[in-house]
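Which chain is which? The protein sequence lines are L and H, in order.
The first sequence begins at 1 in our numbering and counts up by one.
The second sequence begins at 1 in our numbering and counts up by one.
Read the hints as simulated data drawn from the structure, not as lab findings.
Source: prediction; values computed, not measured.
Among the hints, erroneous ones may be present.
Stated by the list, open to error - Short, incomplete list of chain L residues facing chain H, as computed with Cβ under 10 Å:
1) Ser17
2) Arg21
3) Arg25
4) Ser52
5) Met89
6) Ser94
7) Arg95
8) Pro96
9) Trp100
10) Ser101
For glycine and all other residues, C-beta sits at the position ideal for the given N, C-alpha and C.
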Amino acid sequence: MSARVSSAASAVAAVASLTWRRTRRSRTLWISLALTALPIAAGLAMRLGSGSLDDAWSTILSSQQVLLAVLCPLYAAASLGEEIESGTMTYLWSRPVPRWSVAAGKLVALTPIVALMITASAAATMVVAHGAPPAASSLAALALGAGVLSVASTGVATLVPRHSMVVPMVYLLFVDLPVGELPMALYRVSMTRHLRVLADGASGGAVEAALWLAGLTAVWAAIGLWRLRDLE
Amino acid sequence: MTAVVTAERCSKWYGHVLGISDITWSLPPGIVGLLGPNGAGKSTLIKLMAGLVRPSRGTLHVFGDSPFRSLEVRRRIGHAPEHERTYDELTALELVTGLARLSGLPARDARRAAEEALEAMGMTAAMHRPVRGYSKGMRQRTKLAGAIVHDPDFLLLDEPLTGVDPMARIDIIEQVRRLAARGKTIVLSSHVLYEIEALTSEILVLYRGQILAEGDVFAIRNLIDKHPHHIRVECDRPRPLAGLLAQAEHVTRVACERHAVEVETRDPDRCYAEIAQAVLEEGIVVSYLDSPDNNLGAVFEYLTRGEGAAE
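Here chain L stands alone, though its shape is the one from the complex:
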């Protein structure tokens, strides 16, 4: 049993290492760095306005929600789907490793990149706009968002590997985000809304948001694992 766990852990580490080496030499890194700089530029415009600290953070959070909805599919979902579509996944799946470890390795390598970009972008924008960084708990919630939305994007990507980047992006931007604005109970299925609740730092609803987020992440993870097991 322990040998099996060790073997899976080393497979995750090997895939993560390969993924990280590829990503740091790819164009995606530069494109996403440019995207994360956009809110900072917007922060300069906000500095000229006269909004309160809460108003500034609320605006920054909205931009970071959109950024998360773009970056998570750009990294996690595209990385998995493109390999399935291009056939390079055969190099990994023909090895003696469980398929889930390939997805896990990619998430281990890519989620910290997205998390770092998002938190750095949010902190820099807040400093530029209001002269003070956001609360550490808010940044932690955004970093968590990078993780859960990467899992969800990967889950969606396994359903449509041919459009592994576009479909999760469309889902997050045009389904998950708008649903989160609905006044009805339907908003509960919106992951970006729960992330906003956590990142807002308000005490009310944080536990409920965390539970919903955990549940929704588990559902997408289960879908992803089920699809990965059968994908050919």
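The hints should help you fit chain H onto chain L, whose structure is shown.
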């Protein structure tokens, strides 16, 4: 001799597209060439053996277990896929080291194993350069290094000589021979027959997802003896030889050229004996004698011609 692969009524479909149909087959140790035109099912059979896809019906076992399910079986398999896409951003050394780690080698041993595998494929000088700048032949060598890096017992090489330059071809063929000499079982596919011919006479001919023939190429030739067999004799006086052979009942066609006779016969053994006799009796000087039919290409053509004619 224990079979490395056993397939029982194995079929594979991709939606409505047929990959392999109702194949029952067992693979003994050694080198076996998988022959067939594009779309014959060669890559599907290799993917089934590599554990990349599952049979839609029937079973296919490698070392007694399902390669799709069993990690232990996949640990003993090395697979070089047909496509040439790799991780272009990585160097060959990074790629093969990563594959070695995925095959269960500890990190400290993986790099050394990768260097050795790349060296065996003649890639030492280029292994620190990104794959992006590699030629097709170098990509093939890198793929093969990735397939052998963990010292597998069973190698699956899908079109390993496609697009490879003559020098690389010689190197790869030599490497495959060396691996076979070390007791590895190797299945390699090709739709170009002379590529296989250079490595083995044991073949499995696939056509439209089914096994058309298997075994030694000469044994297969015996199976198809109902088809005419060609013999070409290059000599100083072809006319008297052609005249003698034309009288034989088993000869179906004789073509005479300036310095050669080409005979089509239904009984090659008798024909060879009669050629020898005629040459001795007439004092003909033979400079070259060959049967183009001994070439795998001719065998494959015979086998598929029957199928095509049935359309």
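A quick look at each hint next to the structure:
1. Ser17: At 6 Å from the nearest chain H Cβ, Ser17 (chain L) passes the 10 Å test, so the hint holds.
2. Arg21: holds (6 Å)
3. Arg25: Holds: closest Cβ of chain H sits about 4 Å from Arg25 (chain L), inside 10 Å.
4. Ser52: violated (46 Å)
5. Met89: At about 9 Å, which falls below the 10 Å cut-off, the nearest Cβ of chain H leaves the hint on Met89 (chain L) intact, so it holds.
6. Ser94: This interface hint holds because 4 Å falls under the 10 Å limit.
7. Arg95: Interface hint status for Arg95 (chain L): holds (4 Å vs cutoff 10 Å).
8. Pro96: holds (4 Å)
9. Trp100: violated (12 Å)
10. Ser101: Because about 9 Å separates Ser101 (chain L) from the closest Cβ in chain H, which is inside the 10 Å limit, the hint holds.
Hint violations for this structure: numbers 4 and 9, all remaining hints satisfied.
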